[in-house]
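Residue numbers (numbering that gives the first Met the number 0), protein chains in the order written: chain Y, 0 to 290; chain X, 0 to 161.
Calculated directly from the structure, the hints in this document are not laboratory data.
Do not rely on the hints blindly, as some may be mistaken.
[As the list claims (entries may be wrong)] Simulated crosslink set (DSS-like; lysine-lysine; CA at most 27 Å straight-line): (1) Y:K9 <-> X:K18; (2) Y:K9 <-> X:K7; (3) Y:K9 <-> X:K1; (4) Y:K98 <-> Y:K52; (5) Y:K9 <-> Y:K52; (6) X:K1 <-> X:K18; (7) X:K1 <-> Y:K37; (8) X:K18 <-> X:K7.
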Amino acid sequence: MRFFEYYAPKTLDEAIQLLVRHGEGAYPLAGGTDLVTKARYGHLRPRVIVNLKRIPGLNDIAPEEDGGLRLGALVTLAEIARSLLMGERYPLLAQTARKMGSVLIRNLATVGGNLCNAAPSADMAPPLIALGAEAVIVGPRGERRVRLEKFFHGPGQTELRHGELLTAIRLPPPRPRTRGVYLKHIYRQAMDIAIVGVAVLLQFDEQEAIAEDARIVLGAVAPTPLRVPEAESVLIGAPLTEDRRLEAARRAARAARPIDDTYSSAWYRREMVGVLTRRALEHLVSHSPER
Amino acid sequence: MKYPLTLKVNGETYRLEVKPHRSLLEVLRDELDLTGTNDGCRTGNCGACTVLVDGAPIPSCLMLALDAEGHEITTIEALSAGGELHPLQRAFVQRGAIQCGYCTPGMILSAYALLQENPRPTEAEVRRALVGNLCRCTGYVKIIEAVLAAAEEMASADVGSR
Numbered sequence: 000m001r002f003f004e005y006y007a008p009k010t011l012d013e014a015i016q017l018l019v020r021h022g023e024g025a026y027p028l029a030g031g032t033d034l035v036t037k038a039r040y041g042h043l044r045p046r047v048i049v050n051l052k053r054i055p056g057l058n059d060i061a062p063e064e065d066g067g068l069r070l071g072a073l074v075t076l077a078e079i080a081r082s083l084l085m086g087e088r089y090p091l092l093a094q095t096a097r098k099m100g101s102v103l104i105r106n107l108a109t110v111g112g113n114l115c116n117a118a119p120s121a122d123m124a125p126p127l128i129a130l131g132a133e134a135v136i137v138g139p140r141g142e143r144r145v146r147l148e149k150f151f152h153g154p155g156q157t158e159l160r161h162g163e164l165l166t167a168i169r170l171p172p173p174r175p176r177t178r179g180v181y182l183k184h185i186y187r188q189a190m191d192i193a194i195v196g197v198a199v200l201l202q203f204d205e206q207e208a209i210a211e212d213a214r215i216v217l218g219a220v221a222p223t224p225l226r227v228p229e230a231e232s233v234l235i236g237a238p239l240t241e242d243r244r245l246e247a248a249r250r251a252a253r254a255a256r257p258i259d260d261t262y263s264s265a266w267y268r269r270e271m272v273g274v275l276t277r278r279a280l281e282h283l284v285s286h287s288p289e290r
Numbered sequence: 000m001k002y003p004l005t006l007k008v009n010g011e012t013y014r015l016e017v018k019p020h021r022s023l024l025e026v027l028r029d030e031l032d033l034t035g036t037n038d039g040c041r042t043g044n045c046g047a048c049t050v051l052v053d054g055a056p057i058p059s060c061l062m063l064a065l066d067a068e069g070h071e072i073t074t075i076e077a078l079s080a081g082g083e084l085h086p087l088q089r090a091f092v093q094r095g096a097i098q099c100g101y102c103t104p105g106m107i108l109s110a111y112a113l114l115q116e117n118p119r120p121t122e123a124e125v126r127r128a129l130v131g132n133l134c135r136c137t138g139y140v141k142i143i144e145a146v147l148a149a150a151e152e153m154a155s156a157d158v159g160s161r
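So that you can see chain Y by itself, here it is in the shape it has in the complex (with noise of 0.2 Å):
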């Protein structure tokens, strides 16, 4: 790794001072295991590191008013697995962090470095569109906020201009009879990348019969994590049988927009794509095991 200049601010406000002060070269380093190795193996070349993690209230889970949770940017994988607080009310999002890298990784990586990568393969990003969330985003100007829907716009690029900071993620209250899985595809057991990733949510009617809403986004297959609206719609307002799971399956693959590359081809991704949206409301809708 190359020199680096190296600050550690108490502040937001210092934070985004050096970042807009440094200008391009100057990193925000979260987890590390994006930037770190990206900096030993030159990919990136820092001039400038701003340390994020010695601000305070940036790795918090916490309620709000409205029943909603703010999840820091900084709060790690490990502890979005773990929390009592995510188990109870978004258990997509501690579901799919379990699914993520290793204990060793999880213990390091955030919800705020997986978003702000914008790796079209980004696990955090499916599950959190469909929930509904929001990125906060602070900068000299102040604070604004973004439906994550927007935050992407393309591989490795995000709505953050330079000196912007992704604080946190506002998630709204979780909503009655909702049930969400996110499956990823993967060669190996655990510790590789989404060939592809599917985010479905479900919320079904006082008899669990009929889905009132649902939302199926998708991952790995298009720039930006995507959001499959017409395939949604075959799944709202009558029974989930199988010949309508199957056409929101196909739905699915048909909206993908898969690239080749070393992990696997675009037509095995699309492929994949409507295995496991069809998988998913297998699973939501016969509560079977996750496969």
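Starting from the known structure of chain Y, fit chain X onto it as the hints suggest.
Frame of chain Y; chain X shown alone:
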């Protein structure tokens, strides 16, 4: 340019001056001579460099040394303090869970952290806890046996002492 760093490792406090781009792994090995922590892939994939930070296992190649300030670092050297092997270390030796030995310090620290949280893990829980620690001799079966055996020994010793 070097930066001042106060590092707490295995109960000792060290006052150092380090370059900002040095990883915790490099400082442990090169400055403190704690060479039990091994240098493997340098990308956080192999787990050879596992240390505990406030009790949680992490790959020390991915943590900047300066970022470790204010935390309690535990390395493999702490486990056999006083010259006596820890039950996990003994189980690894007795069950042939050490082949070339390169992954062993990391394996043992990951297993140690697991047993602190979950003293009687199932086999599946042991496997999940060791996902980030690779053994290139592929001696996983013995390693998992050793962790389960150590867990049993530690749990029964714990019951006996009450």
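The hints, checked one at a time:
1. Note on Y:K9 and X:K18: the hinted pairing holds, with a Cα-Cα distance of about 21 Å set against a maximum of 27 Å.
2. Restraint check: the Cα-Cα separation between Y:K9 and X:K7 comes to about 21 Å, which is no more than 27 Å; the hinted pair holds.
3. Pair hint Y:K9 plus X:K1 holds up; C-alpha atoms about 20 Å apart against a cutoff of 27 Å.
4. For the given pair, Y:K98 sits about 24 Å from Y:K52 by alpha-carbon distance, which is consistent with the 27 Å threshold.
5. At most 27 Å may separate the alpha-carbon atoms for a hinted pair to count; Y:K9 and Y:K52 meet this at roughly 8 Å.
6. With a CA separation close to 5 Å, the supplied pair X:K1 and X:K18 stays within the 27 Å bound.
7. At roughly 22 Å between alpha-carbon atoms, X:K1 and Y:K37 fall within 27 Å of each other, so this suggested pair holds.
8. Note on X:K18 and X:K7: the hinted pairing holds, with a Cα-Cα distance of about 18 Å set against a maximum of 27 Å.
Hint check: no violations occur; every hint is consistent with the structure.
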